[in-house]
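K.L.:
Numbered according to mature numbering (1 follows the signal peptide of the UniProt record, and there is no 0), the sequence shown spans residues -28 to -1, 1 to 235.
Just so you know, these hints were derived from the structure itself, not from any lab.
Incorrect hints may appear among the rest.
Claimed, not checked - Cβ pair distances, simulated, as ranges: (1) L109 x R149: 45 to 53 Å; (2) Y142 x D217: 43 to 51 Å; (3) E139 x A101: 45 to 53 Å.
As the list claims (entries may be wrong) - Dumping the calculated SDA-like pairs for lysine to any residue here, alpha-carbon to alpha-carbon at most 25 Å: (4) K58 x K76; (5) K157 x E200; (6) K76 x L115; (7) K157 x N106; (8) K58 x A80.
As the structure is a prediction and not an experimental result, all values here were calculated from the model.
The C-beta atom is built at its ideal place from N, Cα and C for all residues, glycine as well.
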Amino acid sequence: MQIFSANLIGVARATFVALALSTCSAWAQDEAADILSIFGQFDTDVSNENLLAALEDAAEAGQPIALWRLGVMYENGEGVAPDRTKAFQYFSKLADGHANTPPKSLEADIVAQSFLKVGEYYREGVPDAGVPANDDLSRKLWLHAASYFGDPEAQFKVGQLYLDENEFGYSPLQSARWLALAARKGHAAAQATLGNLMFNGDGIPADPVEGLMWLTLADRNATGTEEEPWIAELFDRAVSIASQDQRAQAIAAADSLGGRFGG
């Protein structure tokens, strides 16, 4: 019998705790309580089959958290064989069934993330599911997550699309508007991209001090992340060009606004 690791059991427990606490049906609350009781009795002695069945039952009932967890599990191969088709199907069901979820609701973050995920799958297509690549649909999904849900990662992606002639068309001003939305939410990559545009005046009026401020915040927020190398490169280049007075003003502004925008 295949057994999940302790970490995955913890994830599953957290999933069903969230189900029990969310405003879901009485059936789902009872189901969550029953499964949590099983976990409490057997700790890590929960079979792969039983755990998957529990998650699948909750997903079949349309529970957003279960749909999200199954999508992530199949995408990353967490306790199951990686399966892009199943991951795409779970993320799609979450996005399709909850597109109008209130932006401030309990499930809003994972619904927004599901739109991002499905958009990414449409970039390459999912051949095993008979889903061809569709860049236009991908852009629409990201735009929905960015505009309706206000998701910072989606806003960053839309900002990038406005810097590509083959996407939304090259429009630095539109890009800066979307990047600014994400930057104010502490999104390091958006802060760095926006800062670089402003510092250099690439298609928008140059503002070296504010540009360097955003690059400074981005450099601080990116520490220890995958984005750190390229953000540090942009930051170091700007610092080497800026005057001593510009650097001082930018650091002072970053120190002042760091609590609001991260960093």
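K.L.:
Could you tell me which of the hints above the structure violates, numbers in ascending order?
P.N.:
Hints 1, 2, 3, 4 and 7 not satisfied by this model.
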